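Undergrad: These are the residues of each chain, in order.
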Amino acid sequence: MSETIHSTEAHAEHPGYGTFIKVWVALLILTGALVGVSHLGQTYAVWGLLTLTPLKAGLVFYFFMHLKYEGPLLKIVVLVTLGTLLIFFALLFSDVAFH
Amino acid sequence: MSEHVHRDDFGARLGMWLFLVTEIVLFGGLFIGYSYMRYKYPIEFHHGGMELNATLGVINTLVLLTSSLTVVLAIVAIQRAEKKRAMAFLGTTLGLGLTFLVIKSFEWAAKFHHGLYPNAPHLATLPPGEQVFFGLYFTMTGLHGLHVIAGLSVLGVMLWWVATDRIRQDRYVHLENGGLYWHLVDVIWIFLLPLFYLAA
Amino acid sequence: MTTHAATAQPQPSYLVDTGSRKGLMAWLTTTDHKRIGVLYLYSMIAFFLVGMGIGFVMRLVQLTSFQHLITAQTYNALFTVHGVIMIFLFVIPGLPAIFGNFFLPILIGAKDVAFPRLNLASWYFFMAGAILAVLSLFTGGGAPDTGWSFYAPFSLKTGTNVSLAVFAAFILGFSSMLTGINFITTIHRLRAPGMKWFRMPLMCWALYSTSWIQLLATPIVAITLVLVILERFFGIGIFDPAKGGDPLLYQHLFWIYSHPAVYIMILPAMGAITEIIPTFAKRTIFGYGAIAFSSMAIAGVGSLVWAHHMFTSGMSSVANMVFSLLTMIVAVPSAIKVFNWVATLYKGSIDFQPPLLFALTFIFLFAIGGLTGVMQGALAINVHIHDTYFIVGHFHYVMFGGTGMGLFAALLYWFPKMFGKMYSKKAIYASWFPMFIGFNMLYFGMLILGMMGMPRRYYVHLPQFHTMHVVATVGSWFLVLGLLMFFGALLYALFKGGKAEDNPWGGVTLEWTIPSPPPLENFETIPTITHGPYHFEQESK
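Residue numbers (numbering that gives the first Met the number 0), protein chains in the order written: chain A, 0 to 98; chain B, 0 to 199; chain C, 0 to 540.
Just chain A, same shape as in the assembly (with noise of 0.2 angstroms):
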C-alpha cells in the first residue's frame, strides 16, 4: 500500500499557539504592506497584488490549514488545482491578449 491507513501516529507532535501567532503577525505586515504599495502607483499595485497576495494565501495554507503537517498527498491536491487554474487563466490570454 502506497498510504497507510493508520494514519493518526503521524500526528504525534502538534504545533503550539505561538506558531500561529507569528503567521498571524506576518499576515498583517504583509497586509500593511500591500496597502502601502497600493498608494504608490498602479504599477506597484499590480505588482503588489501578484506578489504579496500569493505569499499571504500561501501562508493561510501552509501553516492554518495544516498542509506543513500533512503528507505529499494534499500537497499536490493543491498544486494539481492551483496548476490547473494557472492553465486555464494561460489559455485563455491566448485568445484576450492577441485580439
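Hints in this document: simulated from the structure, not taken from any laboratory.
Everything numeric in this text was worked out from a predicted model, so none of it was measured.
The reader is advised that the hints may include incorrect statements.
[To be verified] Mimicking BS3-like on lysine-lysine, the simulated pairs with C-alpha atoms at most 27 angstroms apart in a straight line are:
| hint | chain 1 | residue 1 | chain 2 | residue 2 |
| --- | --- | --- | --- | --- |
| 1 | A | LYS21 | A | LYS67 |
| 2 | C | LYS195 | B | LYS39 |
| 3 | A | LYS21 | B | LYS83 |
| 4 | C | LYS420 | C | LYS281 |
| 5 | C | LYS195 | A | LYS74 |
Take the given structure of chain A and dock chains B and C to it, following the hints.
TA: Just chains B and C now, kept in the frame of chain A:
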C-alpha cells in the same frame, strides 16, 4: 456487524480538501472572468475601484485574518484538551465573522445609496466597463458573503459539538475540516481585497 | 474459481432487506453503494427513454409532412430538452454513477465507498436536479429553447424558463462533484491490502481520472450557470454586451467545463471496455501502464482543448491555432487505448458473448466518432462544417456510439453479477442488429447531411437534403426498435431470467470471486491481493 468501526481521519481531511478544490475552482472561474474583463477595461476598472471604500476593505481583511487565527488556535486548544479555551476561540471567530458581515452590509448599503448596483438607473449612465466592474463586485463579494454565512453556520455547529464533547482531544477531525473551510473563505477574501479595493 | 459456498453462514444478498425498514423505504434510505448504483440505473434508464422519445419525435418532424404537428418553438424546446436530459441526466453521470458506485469498491476490495451517506446525498441531488429540469419544461415561460449549451446573450433574454433549467444543471453538477470526491477518497484510502495502484483494474483508473475532471472542471460551469441566473434576475451585465459584458467569455467558461465533460462521459466507458476485453479474450490486457497513463493523459490534455468549440466565434488566430494543435494531441491517448484493446484480442482465445459484441461495437463506432473529431480539430475543415449536422453526427457517434454502447456493454457484462439473473443471449443478439443498422443510417446520414451543408437545430430543410433526412429518420426507427428490444430483454431477465452463475464469463477481477448478487458487505473477508488484475491461469502456463 459488531466489529470495531474504523475511523479514517486522514480520509475525512482528504475528502474536505477535495471539496475545497471545487470551491477554489468555483472562485477561480470568477477570477478568470475578472481578469478577462479587467484586461478589456483597465481604465473603467480603475474608476470603479476609486468608488469603493478601501478603509472598510482593509478593516474587513484584518477581521477575517484574525478570525482565521482564532479557529486554528481553537484546534490547538482541543489538542491540549483545553475545552473552555477552545470554546472561547471559536466564539471569537463567530463574533469576528459577524463583524465582517455587518461591515460588508454597510458597504453594500452605501453603494445602493449611490445608485451603484446592477440595473440601477444611475449605473446605466456610466461607461460599460464600470457597469461590468460593479456587476463583478456584487457577484464576487456577494458569493463570498454567502460562504461567510455558510462558514459561520458550520463553525456554530462545531462550537456546539465542542460544548457537548462530540469534539474532544481524541476526535476533532470535524473541527479541523470546519476550520479548513473557514480558512478558504479567508483566502478568497485575501484575493478580493487587492482586486477590487487596492489594485483596480 | 470461488470457494465461498463452503463458508458456514453466507451473508444475505444486498437485495434482501436486512435493516428495520422494508421495501421502497429501505431503498430510499440506503447507504449501500450497490443499492445506490441500482437506484441510479433505474432513474437513468427512465430518463434515457424519455430523451430517446424526444429524439424520435424530432426525426419525425424532419419528414416534412409531420411539421404541422408541432411549431418551430416546440422544436427548439425539443432539441434543448433532448440535449439537457441526455447529457446531464444520462451520459455525464451514467457510467460513474451506476457502475462506478456498484463496482468501484468491489474492484478494489472494499466494503463501501469512503463516504456512504454523502453517496446517498449525491443521488438525492441528482434526483432533485432531474425533477427541477423536468419542472422547467412546464412552468414559467415554457420549456427552454436555447439548446443545451445555454449560449449568452440569447439565454439572458429569452422569455422561456432558462433560469430553472440552468439551476437544475447546477444541482446536477453538485451531485457529480460529490461523487468525484467520494471516488477519489475511496481509491486513495480503501484499497484492499496488496492492491497497489498498478494492480487496480483499469476501470478504477478510468474512474479516478474521471473524478479528477469532475472536481477541476465542474465548478467552472457551476459558477457560469450562477452568473446566467444572476444576469437574468439582477442584470449584473457580465455576459451582456449592452452593459459591457462579453458573450465570448460565456463561451469560454462554458466550454472550459463542457469539453472536459466529454471526457467525463467517455473515460468510464473506456474503462468498462478495458474490463470486458481481457475477460473474453482470456488473456491479460496489452499495455496496462499505457492504458492507465492514457486515462490520466486524456483527463489532462482533454481539459485544455475547450476552445475548439469556438473556432468561428471570433477568437484570436493565435488561440485558434493553439487549440487546434491541442485538439490533435488529445487524439493520441485515445488511439493508444484502441490499439491496446485490439492488441489484447490478437491471439487471445476469444469467447464471443453479448458483452464482447457491444464492446466491439463501441470500438467501431467510437473510432468513427474520434476520426470525425480529428477532422473538426483542423481549422479549415471546422469553418466549413461548424454548426452543421456533421457536428451532430460526430458527437452522437462519440456519445451514443461511445458512451452509450460502452454503458450497454457494461450493463450486459455486469447484469448477471448485479441481479443474479441471466438474460437471453439470443434476444440481445436480435436487438443488436436493428440497433447497429439504425444507428449508422441515422448518424452516418447526419455526417453526410452536414457535409452537404444542412445546418443543425433547423426546424425545416431545403429539398436537396430531403433524401438523406428520410434515410436518417428510417434509421431512427430501427434504432428505437433495437433499443426497446434490448431493454425489454433485460427487463424480462430481471423478473423471469434464469439464475446467473457467480462467474458466468470466466472473469478474474474481484467482483467474480463473490456471489451473484453480491452479499451486503461484498466480501466475507477482505481479500489480500498478490498479483495484477488480469491474471488468467491458462495464459501463465
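Undergrad: Return the numbers of the hints above that this structure violates; sort them in rising order.
TA: 2
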